[in-house]
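Q: These protein sequence lines are chains A and B, in that order. Heads up: take any position in the first sequence, counting from 1, add 504, and you land on this note's numbering. Heads up: take any position in the second sequence, counting from 1, add 10, and you land on this note's numbering.
Worth double-checking, as some hints may not be accurate.
As the list claims (entries may be wrong) - Rough simulated footprint, nothing fancy, chain A against chain B, three-plus residues with beta-carbon under 8 Å:
# : stretch
1 : 117-127
2 : 157-167
3 : 179-187
Because the hints were derived from the structure by calculation, they are not lab data. Ideal Cβ positions, reconstructed from N, Cα and C, are used throughout, including at glycine.
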Amino acid sequence: MRRSLLLFFTPFIIFTWIFFGISQKGCDSVMQADAAKKIPFNHQSHVEKYGISDCTTCHGYEENGRFKGLPTIAECTTCHARDGVLTSDDQSIPRKKPMFDSYKDTDQPWESFAKQPDLVYFSHSVVMTAKYDDGRLKARCGSCHGDKADSTGTKMIKGKMLMGQCMDCHTALNLSNKCAVCHD
Amino acid sequence: MKEKVKEVKMKRRWGMAIDLDKCTGCGKCSVACNQENNMPIFEDDSDVPKRVAFLELMKVTNDRDAKFPDVKTAYLPKMCQMCEGNDPKNPNPPCVSVCPAVATDVGDDGVVSQIWSRCIGCRYCQTACPYEARVFNWWKPEYEGSFKKSLSTDVSVASRGTVVKCTFCSHIWKRERDAATAKGILDINAVLYTPACAGTCPTGAIVFGDLNDHDSEVYKLTQTDRAVRLTNPVDDVKDADKKKSLLKAKQFTNPKVYYLTSQQWLRDMMRFKKNS
Ligand code: SF4
Ligand code: SF4
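With the sequences and hints as input, model every part of the structure.
A: In structure tokens, the structure reads:
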């Protein structure tokens, strides 16, 4: 009796298990938790080898202060020249990356992990230029993104950033927490 | 030790003056508004009760049965009047306090915001608004042809079942502020902007600006005798003492949108007074 009951329920259990698996995958892709990365990118080695100390070297701003996000192939190939050397003993020379050959200069073949939903409008440059009276910056890249410079991958360090985190900072810094400050 | 945080005080109080004597009723403001705020062209747009428009161009006439030469007509662009209640320092528009989802709120610049992605569509605010400035979005947004390519990236698309309204194009202000910061202008009060309707009006009937700045064109216009606000009964009370006691006893809407007209019949219409 016991055994037949178990046999009876097995398909349901398997079905449920598969169903949860699929829906989790779906949620992940909707929430950008596993965005497709075309290249393994090592932040740490870029910082150490080439001495880049400023995130805006690659993740700059547009002229109007909006964040540019991920660099384009053109920006990568300014260092990793398309006609550069393939191998070199000198570690500080950026080498040619054959993988870029299949892309145009304007391409951005990687997807962002840290993506704001469509209804959020906030300016990185505004957050990054806000200062205390004594001239210290109110926020740094790491405040929200974690220590990216020391990471060897592209995955989010601090996990998904939820609105509560934005609001905590705004409260602590006496900034307005009205919806319309960031949403429209 | 607690950090001492510098507080930047907002000095602006955005307001608008619309010259009804200049308005020809061309409707450009309404079109520009819909385009700016990503409102699709709905099938039923000629059907007034079902139309979804932030800015309604109303045709006002003194008497529907009047014949030439007694008939008089004017066009009245009507959007959210940005009510502030009795105290501009502590704005209290009728629509804000009723929202259970905090989808509508009033900012420190006096602009009543509306976040459609947060709205649950209960329509309390629509009931509370004395100006019918809010519209319920009945339809799923659908954009024909290449319309989609011209969508503004600064405004989210209002989905079906939410309440939408004019926000004085506050996204333009945010954009201007961001651009100013990028240029190194960190003073929030140094930035001015023009909403889509004011920028597009061919006769210059819509003037937008800062009501706290007494040198601004909009402030000067609102101080003239021609200025009239839509049904705000406290404006009619000329006696200062009575006005004061009235303001204490009752909340008025005190809109920040002023209409300018020298035509008496139109002023009376806007007050819901009987035609003189
Ligand atoms: S309809 Fe939307 S904005 Fe209006 S009161 Fe309800 S939730 Fe708030
Ligand atoms: S006009 Fe209506 S929607 Fe606008 S602030 Fe006043 S009550 Fe709110």
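Q: Can the stretch 179-187 of chain B be counted as covered by chain A under the rule of three residues or more with Cβ-Cβ separation shorter than 8 Å?
A: This one holds; 5 residues, not fewer than the three required, reach chain A with a Cβ under 8 Å.
Q: Check whether three or more residues of the stretch 157-167 of chain B sit with their beta carbon closer than 8 Å to a beta carbon of chain A.
A: n = 3 at 8 Å, threshold three: holds.
Q: Using a Cβ cutoff of 8 Å, are there at least 3 residues of the stretch 117-127 of chain B near chain A, or does the coverage claim fail?
A: holds (count 6)
Comparing the model with each numbered hint stated earlier shows that all of them hold.
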